[in-house]
Amino acid sequence: MSVPDEAGAASERFVGARVPRREDARLVRGQGRYGSDINVEGMLVAGVVRSPHAHARVISIDTRRAEAMPGVAAVFTADDLGAAQRPIPTFGQFPSVLLEALRPKLRPAPVYPLPRDRVRYVGEPVALVVAESRYLAEDAVEAVDVEYEVLPAVTSVEQALAAGALTLYDDWEDNVALHVEVGYGDVEAAFAEAALVVSERYSVHRHTAVPLEGRTMVVIPESSKGTLTAWTSHQLPHFQRKAICEALELPEFAVRVAQTDIGGGFGPKAGFYPEDILIPFAAMRLKRAVKWVEDRRENLLASSHSREQAFDIEVAVDADGTLLGVRYRGTVDAGAYLTFPVVLPYLGLTHMLGPYKIPAFAADVRSVLTNKTTSAPYRGAGRPEAAFALNRALDRVARDLGLDPVELRRRNLIPADEMPYTPGILYRDGSPMVLDSGDYPAALETCLETIGYDEFRREQQEARERGVFLGIGVTSNVEATGLGPFEGARVAVDPSGAVAVYTGVVNTGQGHATTFAQIAGDVLGVSPDRITVVTGDTATIPFSRGTYHSRTVVTAGNATLGAAEKVRDKVLALAARALEVAPEDLELVDGAVRVRGAPERSLSLGQCAELALPASGLPPGMEPGLDETAYFETDAVTWGHSSQAATVEVDPETGAVRVLRYVVAHDAGRVVNPLVLEGQIHGGVAAGIGGTLLEELVYDSGGQLLTTSLMDYLLPRAEDVPPIEIVHLETPTPLNPLGVKGGGEGGIVGTPATIAAAVEDALSPFGASITRLPLSPSVVLQALRDASAAGAPALAPSGVS
Amino acid sequence: MRPATFEYLAPESLAEATEEIARLAPDGKFLAGGQSLVPLMNFRLAQPPALVDLRRVPELAGISVGSDEITIGAMTTHAEIERSEELAQALPIARAAARQIGHPAIRNAGTIGGSLVHADPAAEWPVVLTALGARVRVESTRGGRWIAVPDLFLGYFMTTIEADELLTSIVIPRPGPAVGWSFQEFARQSGAFGLVLVAALAAQRAGRVESAQVVLGGCAGTPVVVDGDSVGELARLCTERTWAEAASRVVAAVDSWTSDIHATGEDRRQIATALVRRALAEACGEGSTR
Chain A
1 MSVPDEAGAA SERFVGARVP RREDARLVRG QGRYGSDINV EGMLVAGVVR SPHAHARVIS
61 IDTRRAEAMP GVAAVFTADD LGAAQRPIPT FGQFPSVLLE ALRPKLRPAP VYPLPRDRVR
121 YVGEPVALVV AESRYLAEDA VEAVDVEYEV LPAVTSVEQA LAAGALTLYD DWEDNVALHV
181 EVGYGDVEAA FAEAALVVSE RYSVHRHTAV PLEGRTMVVI PESSKGTLTA WTSHQLPHFQ
241 RKAICEALEL PEFAVRVAQT DIGGGFGPKA GFYPEDILIP FAAMRLKRAV KWVEDRRENL
301 LASSHSREQA FDIEVAVDAD GTLLGVRYRG TVDAGAYLTF PVVLPYLGLT HMLGPYKIPA
361 FAADVRSVLT NKTTSAPYRG AGRPEAAFAL NRALDRVARD LGLDPVELRR RNLIPADEMP
421 YTPGILYRDG SPMVLDSGDY PAALETCLET IGYDEFRREQ QEARERGVFL GIGVTSNVEA
481 TGLGPFEGAR VAVDPSGAVA VYTGVVNTGQ GHATTFAQIA GDVLGVSPDR ITVVTGDTAT
541 IPFSRGTYHS RTVVTAGNAT LGAAEKVRDK VLALAARALE VAPEDLELVD GAVRVRGAPE
601 RSLSLGQCAE LALPASGLPP GMEPGLDETA YFETDAVTWG HSSQAATVEV DPETGAVRVL
661 RYVVAHDAGR VVNPLVLEGQ IHGGVAAGIG GTLLEELVYD SGGQLLTTSL MDYLLPRAED
721 VPPIEIVHLE TPTPLNPLGV KGGGEGGIVG TPATIAAAVE DALSPFGASI TRLPLSPSVV
781 LQALRDASAA GAPALAPSGV S
Chain B
802 MRPATFEYLA PESLAEATEE IARLAPDGKF LAGGQSLVPL MNFRLAQPPA LVDLRRVPEL
862 AGISVGSDEI TIGAMTTHAE IERSEELAQA LPIARAAARQ IGHPAIRNAG TIGGSLVHAD
922 PAAEWPVVLT ALGARVRVES TRGGRWIAVP DLFLGYFMTT IEADELLTSI VIPRPGPAVG
982 WSFQEFARQS GAFGLVLVAA LAAQRAGRVE SAQVVLGGCA GTPVVVDGDS VGELARLCTE
1042 RTWAEAASRV VAAVDSWTSD IHATGEDRRQ IATALVRRAL AEACGEGSTR
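Chains as they are written, first to last, in the working numbering: chain A, 1 to 801; chain B, 802 to 1091.
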């Protein structure tokens, strides 16, 4: 960790070092404080009455039986909510620039705290029960008598788009909530002159995040003051505060929203749900603390789903495989309501360009309502789906041209000397999409070298002769990270010398307590283990956007840098005056400021904080306190990228897929903490393997979710995930002082595409095509049957008797 | 996911347990390891008014390996079976099967008796014990009786045990030293419910397979046994080492294949064909055929 600084003195540098995560010792010892762990005097517990029907009119709700049960404090329905019964705010809207530029067809389909007359998915809240315990609440939930008039359920986009389909809203003529068309270049000409056009439908199935801990909320009203504190697992506490304030008609100062320890976020906890309004409402109405902890069934049923999208894609290439144009029609199964309207469709279409030079592009994307749980961002949020479709189509091009898929990519990756690269469309924030930096071909070559591509081809051949079918997949991908427009951080030193970093972004497990301390530590000359990081608390910083879009290291990280530099400058000014030297002659080391070359002449940071107290004779113009806030503002996202390679073994007799090796050559710009970033990539790849092979939210034709426990919704386990080999390439972005890009989603973006490519490669002797996910035994066996029916060689159990 | 209210009883003898259940009839339910019943109660799919916990009943514990028969108490956990060296010597297929059950936390709590009476056709013990020709003892205040394992199962989650009867032990005839075995399970991931399970036993002498027994699990509502004329035919095909043909005979014994969200009936048939081939070859000493 020690490197010489410019003056030649050994000085600790924390950014770039593999600093172990400071939060882990506490968390792995069971000393975390999660929503479930919060218990206060007189606290009540909420239970939610949920619709058993996918689509129904609510005729009446009779709460009398439930209210009469012992221990039941109240049962609330839509009629009780008063002003709180208003559309819940939707995050991820189209910015006005995009609306004006693209003129999408966009119809609001908002969520209400409780439905007044209609339910649109199984699990939709219809009433809230508040009782002395969760047991009693669940007893009372069963005793709320709801009369429904059941309507036919629309459970697929095909059904939803069929002529004359039943619509989820009576005044809609169809079920299309969003339709957006984007493109550039002369697409018609590109396809007209193409030597080869590949046309295929690729589809990704419905699955979602499934964090270890569900959503939680504990609201403690301070009744005499008319204020409340909400302990929450939400990824966006400042927005959650806004939502609560609007619904309950409270000023912002009256509501404190603060994060607990959180067992994973991954996107679904960035959404706004009925419970986000109902729990504060109940607490204020009953003047008692109310806790709600989402259980696993509720989590699978009613936290947002994701990923279900079909791509009808066409790719035009010339005879040597150079891309001429891409066009596609995307169809997002949005579920029952339209939340985050811009995210899944638009992140998808921008990532459909990948790291490739595509001269002409046309996207036509719709979000379609169905009677299923609302679809919203999950780690990757449209990126993995698009990367799957694009890379699959490129692999198909390679196959049709008789070209190695890696060679096809070599011919089409944007070269490093063409950076920054501007494809010609707007990003989701309305600013022009600019791939800011990176060496895509270098990542690909690094990845190939690490996995040993050529050696694997030999090994694969030998294995086939033994009747063992191995495959390799290689893909290249980009990941937009660090979305603005701003994030803030506050750095404070008190007279004891303690250093604290406050930021509104939420730590759902990313290691913020470590990385932000490293950033501040370098500036202030303080070891990270002596810096406290407080995240996700509206009481500590006025403005914040929150945690999403792999943005925290970029936005909050650079804000931390800015705030720490402001504190450092103040420390230097104060110490220079006290020690009677020029600020340039001072250095910050080990929690003290000292004269270079004369370390005995020093002041501790605590002494500097004393010097900064009000009425301490501060220099003219200097505000009191070593407590500084900085906001990092940006209108450009940073683009990370990776090349990924997987090797798999497929058993063509059973459809079993085993991932043998996984390599990620990843560029997240300058790396603050390689350990933390590797953890992010490991987690992303593991989740990607789950989503590709195992996890699926299955509905029956009546709209009942069949996978409401982890017996049926299969999460990846340790043995499903091979060792993941990571190589960091570090191309600092010019877009921020730290040179950092986000890394939270880079692992997962390429995983489905990479594993699908490897499986198809393993099955190449049978001619099977992989066009849909998950790669369950059923889907793999069906792909083999389809290939066999199409005349490809059937399974010859050579090597087996 | 909290159970509805129920009465909890913890008798300390077999007699007390059967008396409690008779007294409660038809509202009582025995609680063994709770690995199936408790989740059902948490989902409120089962709401038994009373549970009679068997953990303190001494007569239901223990593994006893005799020269001709092996007796396993109903409350023996999967983990105890997995770890018993004596049992692994006498009946190695038991350890192989135990290791496929859920994961360690489930095996530490779940019991062999609980698994049998739950009668999940994708569970390991019904398949293995059917192949081994085991029988179970059931007791009630009305007296006791023996049930041969194949006769235990009526269909998905249904047995021939009466509501007041308690399965107390499983008795397994000890296979001879010349009996080869194989246990194959195909699950989407280890610990997940098996899509197809195969238990195979083969007795060989001088290169000839004298008898071969195959039982399929996960494929239909109960374990599927190859019987009748097919038994002799199976031994002949095994002797000839024509595994693929033997496998097709075995899968032909399934009338109607289970189809669910994890695999269609056709998928199961295809997977079972491969697994039976591998199981027979392994049981007949061919080692892996992959």
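The reader is advised that the hints may include incorrect statements.
Claimed, not checked - Label pairs and their calculated CB-CB ranges:
| no. | chain 1 | residue 1 | chain 2 | residue 2 | range |
| --- | --- | --- | --- | --- | --- |
| 1 | A | ARG65 | B | PRO974 | 39 to 45 Å |
| 2 | B | LEU846 | A | GLY467 | 52 to 58 Å |
| 3 | A | GLU462 | B | ARG1006 | 50 to 56 Å |
Said to hold, decoys possible - If you only want the chain A side, here are some residues facing chain B, beta carbon under 8 Å, derived:
| no. | residue |
| --- | --- |
| 4 | PRO70 |
| 5 | TYR112 |
| 6 | GLU132 |
| 7 | GLU193 |
| 8 | LEU196 |
| 9 | VAL197 |
| 10 | LEU212 |
| 11 | ASP295 |
| 12 | ARG658 |
| 13 | LEU660 |
| 14 | SER701 |
| 15 | SER778 |
Read the hints as simulated data drawn from the structure, not as lab findings.
If you're wondering where the values come from, they're calculated on a predicted model, not measured in any experiment.
Using N, Cα and C, we set each Cβ at its ideal position, and we do this for glycine too.
So, ASP295 (chain A) near chain B? Judge it on the closest CB pair being under 8 Å. 4 Å, holds
Going by Cβ atoms only, is SER701 (chain A) closer than 8 Å to chain B? Violated, because the Cβ-Cβ distance from SER701 (chain A) to chain B comes to roughly 13 Å (cut-off 8 Å).
Just to be sure I understand the hint, the distance between the Cβ atoms of ARG65 (chain A) and PRO974 (chain B) should be within 39 to 45 Å; is that true here? 56 Å, violated
Please test the hint of 52 to 58 Å on the beta carbon pair from LEU846 (chain B) and GLY467 (chain A). With a Cβ separation near 44 Å, LEU846 (chain B) and GLY467 (chain A) fall outside 52 to 58 Å, so the hint is violated.
Going by Cβ atoms only, is GLU193 (chain A) closer than 8 Å to chain B? 44 Å, violated
Interface restraint verdict for LEU212 (chain A) against chain B (beta-carbon cut-off 8 Å): Since the shortest Cβ distance to chain B is 15 Å, the answer is violated.
Hint check: is the beta carbon of LEU660 (chain A) less than 8 Å from a beta carbon of chain B? Status violated, d = 16 Å.
Quick check on LEU196 (chain A) please, does its C-beta sit within 8 Å of some C-beta on chain B? Given a least distance of 34 Å, the restraint on LEU196 (chain A) is violated.
Does TYR112 (chain A) meet its interface restraint, that is, does its C-beta lie within less than 8 Å of any C-beta in chain B? Hint violated; TYR112 (chain A) Cβ to chain B Cβ min 26 Å, cut 8 Å.
SER778 (chain A) as an interface hint toward chain B, with CB separation required under 8 Å: 5 Å, holds
Chain B contact restraint for ARG658 (chain A) - C-beta distance below 8 Å: 10 Å, violated
Does the Cβ distance between GLU462 (chain A) and ARG1006 (chain B) fall inside 50 to 56 Å? 38 Å, violated
Of the hints listed earlier, those the structure fails to meet are numbers 1, 2, 3, 4, 5, 6, 7, 8, 9, 10, 12, 13, 14, in rising order.
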